[in-house]
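Participant: With chain A's structure known, arrange chains B and C on it following the hints.
Residues per chain are reported as follows:
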Amino acid sequence: MTKTDPGNFFEDFHLGQTLVHATPRTVTAGDVALYTALHGPRFALFSSDAFAQNCGLPGAPLDPLLVFHVVFGKSVPDISLNAVANLGYAEGRFLAPVYPGDTLAATSEVIGLKENSNGKTGVVYVRTTGTNQRGEAVLSYVRWVMVRKNDLSAQVEQTVPELKPAVDASDLVVPRGLDFSAYDHALAGSPYVFEDYAVGERIDHVDGMAVEEAEHAMATRLYQNTAKVHFNQFERAKDPSGRRLVYGGVIISTAKALSFNGLQNAGLILGVNAGRHVNPYFAGATVFAWSQVLDKADLGVCGALRLRLVATKDRICEDFPDKDDAGAYPADVILDFDYWAAVPKR
Amino acid sequence: MTKTDPGNFFEDFHLGQTLVHATPRTVTAGDVALYTALHGPRFALFSSDAFAQNCGLPGAPLDPLLVFHVVFGKSVPDISLNAVANLGYAEGRFLAPVYPGDTLAATSEVIGLKENSNGKTGVVYVRTTGTNQRGEAVLSYVRWVMVRKNDLSAQVEQTVPELKPAVDASDLVVPRGLDFSAYDHALAGSPYVFEDYAVGERIDHVDGMAVEEAEHAMATRLYQNTAKVHFNQFERAKDPSGRRLVYGGVIISTAKALSFNGLQNAGLILGVNAGRHVNPYFAGATVFAWSQVLDKADLGVCGALRLRLVATKDRICEDFPDKDDAGAYPADVILDFDYWAAVPKR
Amino acid sequence: MTKTDPGNFFEDFHLGQTLVHATPRTVTAGDVALYTALHGPRFALFSSDAFAQNCGLPGAPLDPLLVFHVVFGKSVPDISLNAVANLGYAEGRFLAPVYPGDTLAATSEVIGLKENSNGKTGVVYVRTTGTNQRGEAVLSYVRWVMVRKNDLSAQVEQTVPELKPAVDASDLVVPRGLDFSAYDHALAGSPYVFEDYAVGERIDHVDGMAVEEAEHAMATRLYQNTAKVHFNQFERAKDPSGRRLVYGGVIISTAKALSFNGLQNAGLILGVNAGRHVNPYFAGATVFAWSQVLDKADLGVCGALRLRLVATKDRICEDFPDKDDAGAYPADVILDFDYWAAVPKR
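Residue numbers (numbering that gives the first Met the number 0), protein chains in the order written: chain A, 0 to 345; chain B, 0 to 345; chain C, 0 to 345.
Hints were generated in silico from the structure; no laboratory data involved. Using N, Cα and C, we set each Cβ at its ideal position, and we do this for glycine too. Certain hints may be false.
According to the in silico footprint, chain A covers these stretches of chain C (three or more CB under 8 Å from chain A) [unchecked claim]: (1) 27 to 39; (2) 123 to 133; (3) 184 to 190; (4) 206 to 212; (5) 260 to 268.
So these bits of chain B aren't anywhere near chain C, every CB distance computed over 10 Å [what the hints assert, rightly or not]: (6) Lys113; (7) Ser139; (8) Asn149; (9) Leu162.
For lysine to aspartate or glutamate, the following EDC-like pairs were computed, each having C-alpha atoms within a straight-line distance of at most 16 Å [said to hold, decoys possible]: (10) B/Lys2 - A/Glu317; (11) A/Lys2 - C/Glu317; (12) B/Lys2 - A/Asp203; (13) A/Lys227 - A/Asp4; (14) B/Lys227 - A/Asp313; (15) C/Lys2 - B/Asp203; (16) C/Lys227 - B/Asp313; (17) A/Lys2 - C/Asp195; (18) C/Lys2 - B/Asp195; (19) B/Lys2 - A/Glu194; (20) C/Lys237 - B/Asp313; (21) C/Lys113 - C/Glu10; (22) B/Lys113 - B/Glu156; (23) A/Lys2 - C/Asp203; (24) C/Lys113 - C/Asp11; (25) A/Lys237 - C/Asp313; (26) B/Lys2 - A/Asp313; (27) A/Lys227 - C/Asp195; (28) A/Lys344 - A/Asp178; (29) B/Lys237 - A/Asp313; (30) A/Lys2 - C/Glu194; (31) C/Lys2 - B/Glu156; (32) C/Lys2 - B/Glu194; (33) C/Lys2 - B/Glu317; (34) A/Lys2 - C/Glu10; (35) B/Lys2 - A/Asp178.
For reference, chain A alone in the conformation it holds in the complex (with noise of 0.2 Å):
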């Protein structure tokens, strides 16, 4: 059955090597809905064209997130279909704002190869770029990846890259021809600017929102993500779990979400610095998520905050849920993600 993709094994991976992902995507103002209606968003730049032309773009963008879902689902038949865990983020930066009607495509560079001790498995560590339909640049990320080796003799060359812990404030990329100078803080639906927010203080998001099977699996098909744990029931029901993991870039969507309600003008990620699915989300658990400000950055047309996003299940975030002093998370919380986002300045 070689038509059939049985995707690359940690051997197939060489330094330098490109790889083309398959499926180019025209998003568009469907998209935007599926978006809304599966995560529940409400930052206004994405949400009105108006509004967003009152913030000097020619219209609503497509929210960042889902960019980075759909760049990162065409990159997962190449690189992660045999992947036994995700294991991070890096170095993510959106290049320039992605409208409806754009045309989507990835491309990754594996930059790292590092087997692990047990011959079995390696990390393999890929910068993806996503690209419009004219050929820019419109996000570009590191990730890692464990993944199963098929031949355990084969040999690969190794290197592990460096990662910057952070993206520098100084290498975010504002969208061309933003101006917040006219800023609607009533449709925006809070007043707070950069200047309100300290480094250190934590917000607890308050709201809670149930992720359904159907929802998840329907954000993971509009992605074209086809991870099998997000779809293949029949092969779930024999893990201990018994159930279909859930992407977990609906996590993160999911939380980002929520977080409006206290970041209500931090909706426009200009970076991710890192991200860690901490623990596995099943559908029905209930998702909370506080935020702490990390740092803090003028990028002279607007202000960027450096936002740390946890997400719980079925536990409410008023004593700020976290990791202890040794690094380790209570089994309910599930997301510590690490990014910049831009915000108005008074």
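Facilitator: Below, chains B and C without anything else, positioned relative to chain A:
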């Protein structure tokens, strides 16, 4: 945690106050497709650009109920986040058709306040207006909700507005350009026109439709309605029902879609006279509906039927389940909705 | 309650009768996004405007199966509301591509009637034609259904039409302008072309996809298909299964999406030779699929593969589950679908 919106309590409202609601929303073909997928409408006027153009419009407008839900959703964080109950609607009028690409925003004026004798809650009456990107009003309606007091000692100036029991037919606004003279009854699915419906006539719509958790949650997120009872399963588990409540608008839209079978030419709602969600609905039950013609009015270019739409759960409507002489509803009746719809004349 | 549509019974049809189906439908980018979210297709031609333009088309056309479902849905209230069973399809041809913004309508001609010996039911054969807003036929197919008689004493003129076992390759219509000479195999996801597929070859598509109640119901409402068995849980509770039946088209589209893994370049269906839903499918089971190449034809600008698509529930397809020599299917085979698809040549 002052950056998190606590919502308004009874004493936070004052007569004459205007609230500008957050998150303007550009409605698109994506919303229209989701509305079809979630509720199942088949009225030709909203389904086909060609049909709508044959009726004198530039293209298919949005179903007025979709417009209603989007506008209503915006008002929730400001008006009903701390609501105990939605008590009613009145004086609803659709003032201009909405097309894909239009951006909706909403404001509400407080027109009545009445503290309850228990001193713990009060009724807030607001007139909510939805506008498009040109500032034109597209929808206006009154609703009243019972809201908790936070400071039980607070005193507010009180008044109860006089509301019309029904919108006067002469106040209904027919979409500019509407012309039913070349109405295609074969494509619309029914030969019946204004003259064929008699005041008092009742119609069993026969068909039944179950609504799943994922479906009502997706609809309610699409409308950016944030009421916690629809989403927060963790908190709802403490309720005697143990279930998320389904947004009443989901029932209105489902029942209206079912009413196609018998009211195929009465899709275009012009006014909302009253509406009550008389019993809760939980996902999984099958919705049925029947209608009664309450009144008729000749609007010149078209007729108008005043219709009462009654919906039930897990009960067929061949015997027209209804309130008793004391006004009490059977436990399986969930909606009593009173509206005006345009219909072609002979 | 004469205003409620009772549907047609066997004796209501007559040979040569033309039925104009209700509710024309403008299909949009919203429908395309929902089709992706609900069924998971990844064929580049329908996913990317840029890819389609590179294949000589003005933009990405709708997946022919989406067109089929929308046209089929229109015919349900007139043809199969009182159907006992859908018996088969034949002579299906896609005659022109459909693009977002096009408006679909449908008519059916009665081409055969055959009363069953029990005198209580009969088989109705119709040729259904889908047209666009310019009146051009975009799809034509024959289906036959077993329909109840209402008046058991009624007599109708009977005839059984002669139907082709498969569409002749010479009758297939390739979309005007289609040009695979610059086909991008990396973006399409597979190097395999017409010459690489051999008659008799079988392909296990490996992947599995569960379908939830909310997903099939949303799809079927999107297609405005009103068959009660898909929606009315209250009535279905009386059936031995106790479950809503999933619309067979959902299975066709799910299986076709799964077939991407092995048939990445055969997305464009040109003809439907036959189709049978050989066992019922209820939500929750995981769909798997395999394909067999039945025939090949060189159409000049492209090749055509005649493919048999077999779907199962909760059974992997590595051993190609199939009917036995007597034509009986295992209980876990749910679909046997025979179609022509365009593929690039070398």
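Participant: All the hints need checking, so say for each whether the structure fits it.
Facilitator: Hint check:
1. 27 to 39: Per the Cβ count (12), the hint holds.
2. 123 to 133: violated (count 0)
3. 184 to 190: Result for this restraint: holds, n = 5.
4. 206 to 212: holds (count 6)
5. 260 to 268: holds (count 4)
6. Lys113: The claim stands: B/Lys113 keeps its Cβ more than 10 Å from every Cβ of chain C (closest is about 40 Å).
7. Ser139: Holds: least Cβ distance 27 Å, greater than 10 Å.
8. Asn149: holds (38 Å)
9. Leu162: Holds: least Cβ distance 32 Å, greater than 10 Å.
10. B/Lys2 - A/Glu317: Status holds; Cα separation ~14 Å.
11. A/Lys2 - C/Glu317: holds (14 Å)
12. B/Lys2 - A/Asp203: Holds, because 9 Å separates the two Cα atoms, which is no more than 16 Å.
13. A/Lys227 - A/Asp4: holds (13 Å)
14. B/Lys227 - A/Asp313: holds (14 Å)
15. C/Lys2 - B/Asp203: Answer holds: C/Lys2 to B/Asp203 is near 9 Å, not above 16 Å.
16. C/Lys227 - B/Asp313: holds (14 Å)
17. A/Lys2 - C/Asp195: holds (10 Å)
18. C/Lys2 - B/Asp195: holds (10 Å)
19. B/Lys2 - A/Glu194: holds (13 Å)
20. C/Lys237 - B/Asp313: Answer holds: C/Lys237 to B/Asp313 is near 12 Å, not above 16 Å.
21. C/Lys113 - C/Glu10: holds (10 Å)
22. B/Lys113 - B/Glu156: With Cα atoms ~8 Å apart, B/Lys113 and B/Glu156 stay inside 16 Å; holds.
23. A/Lys2 - C/Asp203: Holds, at roughly 9 Å.
24. C/Lys113 - C/Asp11: holds (13 Å)
25. A/Lys237 - C/Asp313: Given pair A/Lys237, C/Asp313 holds - Cα atoms ~12 Å apart, limit 16 Å.
26. B/Lys2 - A/Asp313: violated (23 Å)
27. A/Lys227 - C/Asp195: violated (27 Å)
28. A/Lys344 - A/Asp178: The given pair, whose Cα atoms are some 10 Å apart, holds under the 16 Å limit.
29. B/Lys237 - A/Asp313: holds (12 Å)
30. A/Lys2 - C/Glu194: holds (13 Å)
31. C/Lys2 - B/Glu156: violated (51 Å)
32. C/Lys2 - B/Glu194: With Cα atoms ~13 Å apart, C/Lys2 and B/Glu194 stay inside 16 Å; holds.
33. C/Lys2 - B/Glu317: Status holds; Cα separation ~14 Å.
34. A/Lys2 - C/Glu10: violated (50 Å)
35. B/Lys2 - A/Asp178: violated (23 Å)
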